[in-house]
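> One-letter residues, chain by chain:
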Amino acid sequence: MSDTGRGDLLLEVRNLQVHFYLFEGVVQAVNDVSFDVHRGRTLGIIGESGSGKSVSAQSVMGIVPSPPAKQLAGEIRLHRATPDGGIETVDLGRLDPRGQEYRDVRGGEIGMIFQEPMTSFSPLHTVGDQIGEAILLHIPDSTPQSARERTVDLLRRVGIPRPDRAVDAYPHELSGGMRQRAMIAMALSCDPALLIADEPTTALDVTIEAQILELIQELQDDLNMAIIYISHDLAVVGGVADEVMVMYLGLVMEHADAETIFDEPLHPYTRALWQSIPKIDGPLEQLVPISGNIPNPFAVHKGCPFYARCTERIQGVCDESPPPVLEPRQGHTVRCFLYADDVDLASNGAAGD
Amino acid sequence: MTASTEVFEEVLVADQAEQDDRFYYASQWSLIWWRFRRHRVAIVSTILLLLLYLLAVLPGFFSPYLPSTRFESYQEAPPVRLHWMDKSPEGGGFIGPHYYGYEKTLNKETFKYEFAPILDNPIKLRLFAPGPEYTIVGDWTSTVHFFGTDVEEPPPFMLFGADRLGRDLLSRTLYGARISLSIGLIGVALSLILGVILGGISGYFGGLVDEVIQRLIDFLISIPQIPLWMALSAALPRDWPVLKTYFAITIILSILGWTGLARVVRGKLLSLREEDYAMAAKAAGTGESRIIFKHLLPGFTSHLIVTVTLAVPTMILAETALSFLGLGIQPPAVSWGTLLQDAQDIVAIAQHPHQLIPAAWVMAAVLLFNNVGDGLRDAADPYSDH
Amino acid sequence: MADVMQTTSGANGAAAGELLQVEGLSKYFPITKGFLRRVIGFTKAVHDVSFTLANGETLGVVGESGCGKTTLGRTILQLYDMTAGSVRINLDEGQLDVGSLTPEERKLFRRRAQMIFQDPFASLNPRMNILETVGEPLLVNGVAKGTELEQRVARIIEQVGLRVEHLRRYPHSFSGGQRQRIGIARALVVNPRLVIADEPVSALDVSIQAQILNLLQELQGEFHLTYMFVSHDMSVIRYICDRIAVMYAGRLVELGPKDELLERPRHPYTALLLAAVPRTAKGSRGKRLVTAGEPPDPANLPTGCVFQERCVHVQDICREEDPPQVSMSDRHFAACHFAKDLNLDGITVAPVTLSA
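Residue numbers (the working numbering), protein chains in the order written: chain A, 1382 to 1734; chain B, 457 to 842; chain C, 126 to 481.
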């Protein structure tokens, strides 16, 4: 496939739908998620528990546990560089998650860092052995010697002091911040084109979080990586993302560039979120909580899943059919009836979707 | 602010309407039962296990003969087949459950006895037929058996065949089940008592007491089990009555069996003590004993049940092993181990494979217990996935 | 520390309006080794902490993980035995010395000082329904039983925004926010004066946090509560507290009125902590200061100031002498040799007063 017209587009996710079939019922973890990721840019995904933000990322990575999960629809197109300098397109959703090709993508084109680094390292092997193994697997012509050298380089690059010693440390011998750095080193071991960061700093203190985020951004500038940054923390996402996607119960509610989504949010959920979080600066205002609770994950919603908690809901419309995805402004999409010119038309359009 | 609370209430009502109330009012045990029920293998195994224990409780009723009755000419006779269709030369067709007596002939070439059914004399079976008198419990006796025949002096109906002395293997297996299955339960019960007390002390008091008990456990575990059992049971006087030997063996088995349970109890106590809700109870002013009995103990009874279920088959196997080695239950008492002891001779097994039937029962009992334990383990912590 | 204590709490703590006096409180956890549990050192989780709490105020205790803020709360509530120091609480029934309570006094103390826990899933016993959980403090302290207990539980359950019909439900039927309401009800059912809230919102989803924060504010007015609010989140602390105490490596490094401390921090660590929080206001969004280093191991602290390794203003004296408690005013002090000399940046926009 030619690369004309794609520019720096790296990943396209279209209408992804992933459901979990559990004993208690079906969880519609990801219902209709589409987004693009460009080289050198950061896509922030904001969402609360049950929003499907992690499952979306795990689907790209091919690590959603299946069963119970099943990808019902959608495409995950990765435009990856070929050795001869061209671009080829792979639909990751069609690859066997356990197959060799996907394994090459994982840890090759795409690296991932998680919230708890302790779970991604085996406690039985040194940090260096584990990073070195990833290098040996994914980089052709590497020897144990060269892999070790590269590991020390990587550890130095992520800011671990005395990397020649840390390479022989076991994961539990490192502090939380240092483990997170080591995990970033592992994710970077094969120069990924895309780094997926799933709440990488949630377990860390704020001063350490600042260090890790700075590191990720430095590395992005050096390597021209694309980043998907997942977090529940709006302030953190505001600091790292170029564009932001707000998810709620498996749906993308709003998607715009970072400035717009924070300064001129359109979706009632996004606006309510902003009013409900305490802020460190600016005038101190009384918080306006979002009423109610996040619905039961097994619940099926005929209309908008945010309906029950929404202050701007239109009875008879929002609870009757799924809201349409609209683009009131160039590059700013929102899934809400409020922005439909004609409510009936919009609901019909959505129903036919 | 009041406005926000109102909306909150309203949403709660909406939430509640769509949810299954039964689930929300369910206690721990209901939740465990609902999860266990979904585990089909475990449910079937539980039913089979209960049947097995029913057989073991009433061996006299279910077995056609007494375990000590010898049929002189039927030594090592193969299992007698149960028939429904008449096989006699002139007959044919359905005549209900029946069997044929054996004619014993000596094969002149191999010099072995061979048993062939006498087909012209079907002997009909029926349920609840009279038979030899047996003891149910104490002085309460009966002559009614689960199945039997009304024919006067019938040839023996030995479904599992006969042993070397011409005794009915089915009857012996059922009587053996009584000892083998009960020794598992009683042994585990003793281990449980020891394990909960010592593990509880260890986990609750901590410090030096904990250290001493843990080292004791380490020491007991480090002793090779079979030699220790052998040494202990070899020390039992041979002339002890059956019942006394039985309890002595049970105690020997539990002396080693409690260590695992003690570790489970200690570990659980230690981890549960650190749970926030134990801390919260303390902050609320709850006394230590109430914290232990109301908060901590219910937290691991379900785990304890699992551990116990999985410990029973180990006990059964241990008894079988000891008796097999001739160090456990002594003849004339019957256990599965002593039955297998009869099947020790490889030549005997080659020629009379039916002698291994008791081994199949041991395996069945062990597998059933493991299945039930698996199901319980999956169901035991209904709060694990929140 | 002495000069601070005298100015803030008066001679022996009987000053009007004061609920709690903490003086020189320390909690060390022994590090043991070997079969005989030989003590080879101590983790100084809390070291020489002094402060007072006025009736009806909210004191925020902020710091990074391992700084001792949770241990401080639990030691004040006697969930851990204190190693040194004293805690006194002034109740209508008289003053209690928390370090040496008689069994009678302990019962009273447990009623008047309560705790709200961080994790709404772990802090409720899954095997007890709401009535049992919330009723337990009433029952074990002999306050109420039977119908009266049920009525009191029902009343508090409504006050925290839950439905009385759910009294016999088990915790698994509630969401995180609802469970935290149950935890709050359990703390308030015995009419406490002091409530120590240990990270009560940090395990909750963002859309639920504000519900709980506002509920805590509402209940403070209704029940005349005094809060000690422990959190790692500066933004939450800023929202809910009147005064802020900053902890680092087991020490109280700065204590002062909220606005003063946030806008003009006196301890370099406070300034660092504030600078590390990403800004949300337009124009400076996402901006934060990145500084190197991690907190020291509380089992192996350096001589002198505990913050010396990360401090950009460090001098020789900081490596040799423990910093004194330097008072800025009678309500604001910082444990730094140069508290009066440094000109540190706080948050940029002046907060306006709350309009409730």
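For the record, the hints were derived by calculation from the structure and aren't laboratory data.
Owing to the predicted nature of the structure, the values given are computational and were not obtained by experimental measurement.
Quick reminder that beta carbons are idealized off the backbone N, C-alpha and C, glycines included.
Mixed in with the good hints there might be a few duds.
Distance windows between CB atoms, simulated [what the hints assert, rightly or not]:
#1 B/E730 - A/W1655: 47 to 57 Å
#2 B/V497 - C/G224: 32 to 42 Å
#3 B/R537 - A/P1446: 27 to 37 Å
#4 B/I682 - A/T1583: 29 to 39 Å
#5 C/G224 - A/L1604: 52 to 62 Å
#6 A/P1446 - B/I649: 38 to 48 Å
#7 B/V593 - A/A1680: 49 to 59 Å
#8 B/V698 - A/Y1402: 32 to 42 Å
> Now look at each hint and say whether the structure bears it out.
Right, here's what the structure says about each hint:
no.: 1; hint: B/E730 - A/W1655: 47 to 57 Å; verdict: violated, 38 Å
no.: 2; hint: B/V497 - C/G224: 32 to 42 Å; verdict: violated, 58 Å
no.: 3; hint: B/R537 - A/P1446: 27 to 37 Å; verdict: violated, 51 Å
no.: 4; hint: B/I682 - A/T1583: 29 to 39 Å; verdict: violated, 52 Å
no.: 5; hint: C/G224 - A/L1604: 52 to 62 Å; verdict: holds, 58 Å
no.: 6; hint: A/P1446 - B/I649: 38 to 48 Å; verdict: holds, 41 Å
no.: 7; hint: B/V593 - A/A1680: 49 to 59 Å; verdict: holds, 57 Å
no.: 8; hint: B/V698 - A/Y1402: 32 to 42 Å; verdict: violated, 56 Å
Comparing the model with each numbered hint stated earlier shows that hints 1, 2, 3, 4 and 8 do not hold.
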